[in-house]
Every structure is written in C-alpha cells, then in structure tokens.
Amino acid sequence: MSSQEALLEVQNLHTGFTIDGEMHHAVKDVSFDVAPGEVVCIVGESGCGKSVMSLSIMDLLPRHNGKIDKGQILFKGRDLASLTEDEMNNIRGKDISMIFQEPMTALNPVLTIGTQMDEVLINHTNNSKEEIRRKSISLLKQVGISRSDQIVNEYPHQLSGGMRQRVMIAMAIACQPQLLIADEPTTALDVTVQAQILELITKIQEEVGMAMMLITHDLGVVAEMADRVVVMYAGQVVEDTDVDRLFYEPKHPYTKALLDSIPRMEETREELNTIKGIVPSLKNMPQRGCRFVDRCPAAMPECSEVDPQLGEVEKGHAVRCILYDTSHPEKRAEV
Amino acid sequence: MTNETQTSEYLLQVEELKKYYPVRGGFLRRKVGDVKAVDNISLELKRGETFGLVGESGCGKSTAGRTITRLFKPTEGTIKFEGRDITRLRGSELRDLRSDIQMVFQDPYASLNPKMMVGSIVSEPLVNYGHGSETKLKDQVMELLSRVGLPQDAYYKYPHEFSGGQRQRIGIARALALKPKLIVADEPVSALDVSVQSQVLNLLKELQEEFNLTLLFIAHDLSVVKHMSDRIGVMYLGNLVEVADADDIYHDPKHPYTQALISAIPRPDPRNKSDRVILSGDVPSPQNPPVGCPFHPRCPKAMPECSEKKPQLKEVNTEHRVSCLLYE
Chain F
0 MSSQEALLEV
10 QNLHTGFTID
20 GEMHHAVKDV
30 SFDVAPGEVV
40 CIVGESGCGK
50 SVMSLSIMDL
60 LPRHNGKIDK
70 GQILFKGRDL
80 ASLTEDEMNN
90 IRGKDISMIF
100 QEPMTALNPV
110 LTIGTQMDEV
120 LINHTNNSKE
130 EIRRKSISLL
140 KQVGISRSDQ
150 IVNEYPHQLS
160 GGMRQRVMIA
170 MAIACQPQLL
180 IADEPTTALD
190 VTVQAQILEL
200 ITKIQEEVGM
210 AMMLITHDLG
220 VVAEMADRVV
230 VMYAGQVVED
240 TDVDRLFYEP
250 KHPYTKALLD
260 SIPRMEETRE
270 ELNTIKGIVP
280 SLKNMPQRGC
290 RFVDRCPAAM
300 PECSEVDPQL
310 GEVEKGHAVR
320 CILYDTSHPE
330 KRAEV
Chain P
0 MTNETQTSEY
10 LLQVEELKKY
20 YPVRGGFLRR
30 KVGDVKAVDN
40 ISLELKRGET
50 FGLVGESGCG
60 KSTAGRTITR
70 LFKPTEGTIK
80 FEGRDITRLR
90 GSELRDLRSD
100 IQMVFQDPYA
110 SLNPKMMVGS
120 IVSEPLVNYG
130 HGSETKLKDQ
140 VMELLSRVGL
150 PQDAYYKYPH
160 EFSGGQRQRI
170 GIARALALKP
180 KLIVADEPVS
190 ALDVSVQSQV
200 LNLLKELQEE
210 FNLTLLFIAH
220 DLSVVKHMSD
230 RIGVMYLGNL
240 VEVADADDIY
250 HDPKHPYTQA
260 LISAIPRPDP
270 RNKSDRVILS
280 GDVPSPQNPP
290 VGCPFHPRCP
300 KAMPECSEKK
310 PQLKEVNTEH
320 RVSCLLYE
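In order, the protein sequences belong to chains F and P. Okay, so the first sequence: first residue is 0 according to numbering that gives the first Met the number 0, each after it adds one. Okay, so the second sequence: first residue is 0 according to numbering that gives the first Met the number 0, each after it adds one.
Since the hints were derived computationally from the structure, they do not count as laboratory data. Keep in mind that the hints are not guaranteed to be accurate.
[As the list claims (entries may be wrong)] Quick list of the computed label-pair ranges, beta carbon to beta carbon: (1) 18(F) / 96(P): 43 to 49 Å; (2) 93(P) / 276(F): 39 to 45 Å; (3) 157(F) / 96(P): 41 to 47 Å; (4) 47(P) / 310(F): 47 to 53 Å; (5) 162(P) / 111(F): 40 to 46 Å; (6) 146(F) / 82(P): 51 to 57 Å; (7) 151(P) / 104(F): 23 to 29 Å; (8) 18(F) / 116(P): 24 to 30 Å; (9) 56(P) / 265(F): 21 to 27 Å; (10) 272(P) / 293(F): 32 to 38 Å; (11) 277(P) / 17(F): 44 to 50 Å; (12) 209(P) / 78(F): 57 to 63 Å; (13) 141(P) / 111(F): 55 to 61 Å.
Cβ coordinates follow ideal geometry from the N, Cα and C atoms, glycine included.
Excised from the complex, chain F in its bound form (with noise of 0.2 Å):
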C-alpha cells in the first residue's frame, strides 16, 4: 500500500522495556498498514505484544521503563514517534482515540460522567460550557444510552459494565476521530451484551467514518468485525490478510493451530487440536530463529537457524515463516 491512501503506518516497530538494565522487546519489528475506514483486528495470546503496541502507538508506554527503540509510526504521514508531548496531546482524543478493556479502571471513580466527558470536548474544542454539555448529552444518546441527561450526573460506580463502556465509546468519538484504537473491548463483558456493544461499535464506526484497530483474543469477535486480521506471536506479525483468507486459507501454521484449538459450537469433536507448550516469555525469547519454533508442528532444523521475514505470499497476504520464504523455494514446493 502506498502512503497516500495509508491512514496509519507502522514500521519496523521495536517497543523494549529494560529489565534489570537489559532491553528485551515485547514488540519486535511490527509493520502493517490501516486504510482510512478500514477495520483491522489485531489477535494474539497474552503476551504477543498487541497492547505494547497499542500504546506505542498512543506513546502511552510507561516512562521509566517502556520505549520506542526503532522503527517509525506514520499517522497521515506524521511520525507520532518524534511529536512532542504538546503535539501528541492533540492528536490523542481528537484524531486516534483509544478505548480500554476494563472500563471501570478507564474511567475516573469520583468525576461524575459529565465531567469526564466535557474533558474531552475542553480540550479539542473552544465551545462553550453549556455546549459542551449538550454534546455530551447527545453523545450519550448516540451510543444507546436512554437517561442520558440524568447519567452526565451519575458516577462510575452507578453504572454496569456494558454502559460504561458505552460512555467509553462516546467520550472516544466525542471529536469524531479518523482512527480508533479498541483493545480488548468486551472482553470484561458477559456474551449477551458484548453482542450489544460489537453492534454499537460496528454502527458509530460505519456512522463517523472512521477506521478502527480492534485488538482481541477472541477469534469469534475477529470473525464478526474485521476486513483486515493482523495475528501476532512473540512480538511479531506472523500472518496479515483479508479477514476471508485468514479462516479459510490460514498460512503460518501458528494460525492454523489456533484455528484449529478453539471448540466450536456447531461441531462434535472429541478432542481439540493443541498447541504444545507455552508462549515463551519477554526474557526467554529465543534470540535466534523463528520464536514459534519450539512449539511449531511443522518445525525443521533451519527453522532455528534463519530468523523468517514478513513476505507476501500472494497480493494481500503476508506470511512470516520460511516455508513461504521465497529465498528457500525448494520448501515452498512441498507446501
């Protein structure tokens, strides 16, 4: 994708923390790409670095530790990574906003909605008081919330889970953002209204135009929202293409795996196919070679040896693993 038509860009993206004085990156070369309007889910177990990268992305790392090491995160063509504080500050909530997984810890326990809300509209609008308020007012509306010039005086605590998650999602479009970034937002959710929220969020982002980055663990959410499906492993992209040739046509065979792992509802099985062992952990990621190696069903001797490359297998699919690595066309063949 040329960068023109790019919304937001990310490039050999390396996000470290240090240990004991020593960095280990939770995010490990990322590149990929979000079109204006586009939905790409981000999926991956813990630890694979879709958070970190998230908060790269919003340079919400943790100051005393986290950092950006290399790599660059275009947004329109704007490096986020080398904004000052004061640049950032605008773009963030007013251009990429974020919404959280637990929306209790998000929201501020002793503000009263209306108050966390109008933050927002102060901050990337010069409206007056009583505008802002009744756009705050209208927003509640807009995301399904029916008592909402009662709610603007209410507190957190007063609120279930699936609504304030939906004043998350109002304060999150409250400036009609071009990119917003979901991590994990119904995982917290019980199922029936999780279904409540994915139709919420599927309408606002058809409504505002905007393009969304959707980070879940949850195959089924993937399924349901995205265009685009990014799955990470370790810290890296291991598999990126349309949402169709990912369940039907998955490549990396870490993908296969986890395809193949979850129950499904339609379908009797005896056993579910497994993925040996565990992701290995920031400190013990091998430095060498593939990092799905140890757990990998198709695993070779080279595969230890050759670190594998993000490669287009085709027009929209990439793939990082060498028996798709062109530069070993003799493997290929036997795929």
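Please arrange chain P on chain F, whose structure you already have, making use of the hints.
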C-alpha cells in the same frame, strides 16, 4: 422410581436448592433483604457424565457449584449424594464427604498456596485423609503429576515457577488425589489462553474417562461447555431456565434466553455470521429480581402473563426441560 434405581443411576440429586445471602443495613445491621444468588434449582447428575452449567456473570452458577459441594450452607432444598441426604451434614461426616467431592477453581493464581511446594500441595489431601506412608505418598504424587502432564521435578518447585496452564494442571492433580467420585470444575479454563485452554480441556476429558469421574463443569462460554458436556443446564438470575442434551441445547434451544445466548456468541466463521437476537438492557439485580419470569424484562417473546406468573421447569421433550410460559 425406587430408591435403589436412583442410587445406581444418579450420583447427585439436587432438589429445589436455594442459597440466599442476607443484606444488612442501617445502624443495627438488621437484615433488610436477600440476594437470591441461587433461587430454586433442581438437577441431577448421572454417574460418569459431564453436566455443564452455563450462564452469565451473576447468574449464580458458581454459588450453585459451591453450595452443591457444601462449601456453602444451603438456605433451602435438599442435596443427595449417592442417595444420601448431605444437605445438613456437619463435622466429621462432612469431612468424609469431601474426599468424594473435589473442586477445581477458576483462578490458578489464587487457588494454590504460593509458599507451598507443588509436592506438598498435591499431597496435602492425601495426608489429611491419612493415605499412605511418606515414601508411598511421594510415589503417589509423582504418579499424579505425570498423569496431568507435569514433569517429575515439578514436585520441588513452587506455583510461581509455572505458567497458568501448568498451574491449572496442579489444581487438577490435587483434586484427583483422593480419587473423588465428583469433581466440580468452576470456570477451569477462563483464565487461560486459547492454545493452552484446549490442552486443559483435553486433559479433563481424558481423566474423566480414565477415572470414571462425574464432572460438573461450570463456565460462561457456551462453546466450551458444549464441547465438554453430555447435558447442559442454562442459568439465569439464580434459576435454571433450560436443561437438555448438549446437542439439543445447540440445535433446538427452547427458552428465549438460551436462544439469545447462542445467537450472541461470535462465530469464528466470517462467511456465516449469526443472525443476532440482541437483548436489551442488563441482567437485573438478584437482590430485587423481577416478579414473574426473571427473564421477562429482557425477553423478546414476553407476554403479559410473564410478569405475573413464575414459570416452573417442566419437561417438554424427553430429557429436555424448560422453564417458560410459552411451553406450558
């Protein structure tokens, strides 16, 4: 049915079980109301089967599981284990019962003592119930550890040295130690990642066959419950709204709540997105449940009488029970 056939077919029978928590208020801390966590459930577990209990948070499924194992004192109703009434057991009788009923908990980080070696954690039930000498004990524990797929050197390690999935294996080994007849597994995989979740689910299934265990499997994820269970009970607001074969629950759900629950699950299949029944609103508080059917304020098929009459769990097909006025 005579008493004898009951004992042979059913391991556990629960009748009209209730568990209320008192709510106290005011200066004198007087009782001002009840949280009706479990409000009238009846179910029975056949020997060797897996019964899945599914519902959303706050529906009382965990309270039900813990009341059945007698970790909590029931408010009303009867629990029979192997035909014997265990509802009011106390002291040493209750203690003896515990060797037949064991639990696996949700959070493998909180349910293992961080200061105890894995060997001591798994051998503790054996020691408490006076099984075997010290040398024999170690062999037994080693065998249990290898059975749940942990390495032998796990014996001398501490819980923090293990990953979530491995910790859950430790919890399972501990539950198996006394060769119980019934294991209640309360959300055993919800804290685990997908790739690890399938390992633990497979292990539970294998062990159940090997030891002829009866399993009460409690979870909020209907696809996991369906994979594991022979029969499923769906709970809503302290009530059992539907009980049926796992396949029937999926292919022929009767209760409007079960139908909505199934349709709400996002399918990992982008070409076959489900037709959603989106429920409005949230689950009401169990402290002040709606009059009549507990589901009627959110029910897409509610009729006027639903807010007046509380439906009872009734058989509509063989082995398929529903509590809904539509079927009365």
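Now the hints, each set against the structure:
1. 18(F) / 96(P): 43 to 49 Å: Holds, at about 48 Å.
2. 93(P) / 276(F): 39 to 45 Å: holds (41 Å)
3. 157(F) / 96(P): 41 to 47 Å: At 43 Å between Cβs, range holds.
4. 47(P) / 310(F): 47 to 53 Å: holds (52 Å)
5. 162(P) / 111(F): 40 to 46 Å: holds (42 Å)
6. 146(F) / 82(P): 51 to 57 Å: Since the Cβ atoms of residue 146(F) and residue 82(P) sit about 53 Å apart, the hinted range of 51 to 57 Å holds.
7. 151(P) / 104(F): 23 to 29 Å: violated (41 Å)
8. 18(F) / 116(P): 24 to 30 Å: Once the Cβ atoms are compared, 27 Å apart, the range 24 to 30 Å for residue 116(P) and residue 18(F) holds.
9. 56(P) / 265(F): 21 to 27 Å: holds (25 Å)
10. 272(P) / 293(F): 32 to 38 Å: holds (36 Å)
11. 277(P) / 17(F): 44 to 50 Å: Given a distance of about 46 Å, which is inside 44 to 50 Å, the answer is holds.
12. 209(P) / 78(F): 57 to 63 Å: For residue 78(F) against residue 209(P), whose Cβ atoms are near 58 Å apart, the range 57 to 63 Å holds.
13. 141(P) / 111(F): 55 to 61 Å: At roughly 59 Å between Cβ atoms, residue 111(F) and residue 141(P) fall inside 55 to 61 Å, so the hint holds.
Hint violations for this structure: number 7 only, all remaining hints satisfied.
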